[in-house]
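Chains as they are written, first to last, in this note's numbering: chain A, -7 to 263; chain B, -7 to 263.
Incorrect hints may appear among the rest.
Which copy is meant is left open, because identical chains are indistinguishable; a pair holds if it fits in one copy or across any two.
[To be verified] List time: in silico SDA-like cross-link candidates among lysine to any residue, alpha-carbon distance up to 25 Å:
no., residue 1, residue 2
1, K229, S261
2, K71, E(-6)
3, K237, E86
4, K255, M91
5, K157, R183
6, K122, R183
7, K71, L25
8, K46, S34
The set of hints was computed from the structure by calculation and includes no laboratory data.
So you can see what is in the structure, the chains are spelled out below.
Number of protein chains: 2
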Amino acid sequence: MEKLSRNTRVSIITKILIENPNKIIGLNRFSELLNAAKSTISEDIVIVREALEKVSMGKVETIAGAAGGIKFIPIMGEKEIKEFLDELCVLASEEGRVMAGEFLYVTDIMFNPSIISKAAIILATYFYGKGADYVITVETKGIPLAYEVAKCLGVPMVTARRDSKVTEGSTVSINYVSGTSKRIQQMCLSRKSLKSGSKCIFIDDFMRGGGTANGIIDLLKEFDSELVGSGVLIDNKMSSNKVSKNYISLVDILAIDDKEGIKMVPSGSLI
Amino acid sequence: MEKLSRNTRVSIITKILIENPNKIIGLNRFSELLNAAKSTISEDIVIVREALEKVSMGKVETIAGAAGGIKFIPIMGEKEIKEFLDELCVLASEEGRVMAGEFLYVTDIMFNPSIISKAAIILATYFYGKGADYVITVETKGIPLAYEVAKCLGVPMVTARRDSKVTEGSTVSINYVSGTSKRIQQMCLSRKSLKSGSKCIFIDDFMRGGGTANGIIDLLKEFDSELVGSGVLIDNKMSSNKVSKNYISLVDILAIDDKEGIKMVPSGSLI
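With the hints as extra help, turn the sequences into a complete structure.
Put into structure tokens, the structure is as follows:
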């Protein structure tokens, strides 16, 4: 391959980093792909690092040693976070979203890549130091958000299901009590899906009573595994009897009123 | 903000484009963010376009007119596609994946961001010209792949469910006959989730008999909407009585044998 200009290399390195968050990439890979000396690549990486930090678009970390290289950590600047959460509050409290039983229709939000990819970057920020091996969710609506958080953390996602499927092989199932309705519910996880002794982050669309989060803790115990963090898009603060308290949310519902509509604000759990 | 160097601008422009596939971004946005004249930004964009094309990592298209700007189209080079599909065949035909009834355990693959984000880029390539408004899937395992294809196409995803939920509001449900087992099954879609008169791409993990794809066509008819393309990760070629023929797959299962294991090859449906 011909020699590439610095500009060209910087663009290609940026793309590869962005598409592989939290994955260590050896300088050799760039050196071979871009037909340039490792010293040249190192200089390119300094440019990419400074560029992304200048606009608060992520960090590029250097990992020393034989298995070393660089990795990209997605982050979002404070100003962008504030703008995003304000927009999310407006969107999620639009008229017509309140369903029977004060449930909120947010399926369109949970399945919209433009929204969920940004929400995941903000949530992931709180879990970078936790040494998570997996992100876990319960089907269905939280799957894209859990998937995107897993991508940011550079780990796989696993999904607990409501009932066992032939395509999952042998499964472990547990019963739990939903925090709000006090009903007994079930969740299952395939034996093959999680390695024993893992650390997991639980991600979901909504937090109401917190029963599901407790169910996840019980389920993980069956795999000798541990919950090391929880995050949701929306916290319903109107559920007073929360059985789970240890989680991060992006936005909070304070009130749902027939006349005044939904009162939603950026979460106080974000520092 | 201080003046940025060309290298810095090129890195930031690359990042913004990669994170917003198939979304038109006006030059004004770059111009404001990077504190540079539009003519300067235009030159930067030429550099990014040429860099990504040089290594077959995507196209940057210019859209003229008042609502114009540039957009990034994710693509993967032929060599990378071949390598990826070969690796996928090895991974998906590993020992221990065959479940009762010749089902294949691929949940770990379907929920792995490193694999699914690449698979989606290859699938999306076949649907860029179709003018799709949504990507549709049926819960559960196909959701991350459908979500990533939707992201590539710059459109939202919708998910049909097995039964209706209180959080979905009023739903439309249809019955369909599964292509292989000939059993009657149900799928539901929230009235709010799909605009009438839409064009949709159906994405799923597996194609066996093709009954689900036909169910989706019936479901879309209830929304006066149309299926304009279908894609799956794995096509089971052993299902001889396929009721659906019009789809793309990435890899094909040719045989499952107790002694010789699974025979899987890159799909013949990819040109």
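(message) Within, between, both or neither: how does the pair K46, S34 come out at a Cα-Cα threshold of 25 Å?
(response) both (18 Å within a copy, 21 Å between copies)
(request) Please work out whether the CA atoms of K229 and S261 approach to 25 Å or closer within one copy, between two copies, in both situations, or in neither? (result) Within. Shortest intra-copy distance 12 Å satisfies the 25 Å Cα cut-off; inter-copy 51 Å does not.
(message) When Cα atoms must be at most 25 Å apart, do K71 and L25 count as within-copy, between-copy, both, or neither?
(response) Between copies only: 13 Å across, 36 Å inside.
(request) Could you place K71 and E(-6) in one of the four classes (within, between, both, neither) given a Cα distance threshold of 25 Å? (result) between (41 Å within a copy, 18 Å between copies)
(message) As a check of your reading, is K237 near E86 (CA-CA no more than 25 Å) within one copy, between copies, both or neither?
(response) neither (27 Å within a copy, 41 Å between copies)
(message) As a check of your reading, is K157 near R183 (CA-CA no more than 25 Å) within one copy, between copies, both or neither?
(response) within (12 Å within a copy, 27 Å between copies)
(request) State whether the alpha carbon distance between K122 and R183 is at most 25 Å within one copy, between copies, both, or neither. (result) Answer is within: at 24 Å inside a copy they meet the 25 Å cutoff, but 40 Å across does not.
(request) Using 25 Å as the alpha carbon limit, work out where K255 and M91 are close: within a copy, between copies, both or neither. (result) Answer is within; shortest intra-copy Cα gap is 15 Å, inter-copy 49 Å.
The structure fails to meet hint 3 from the earlier list, while all remaining hints are met.
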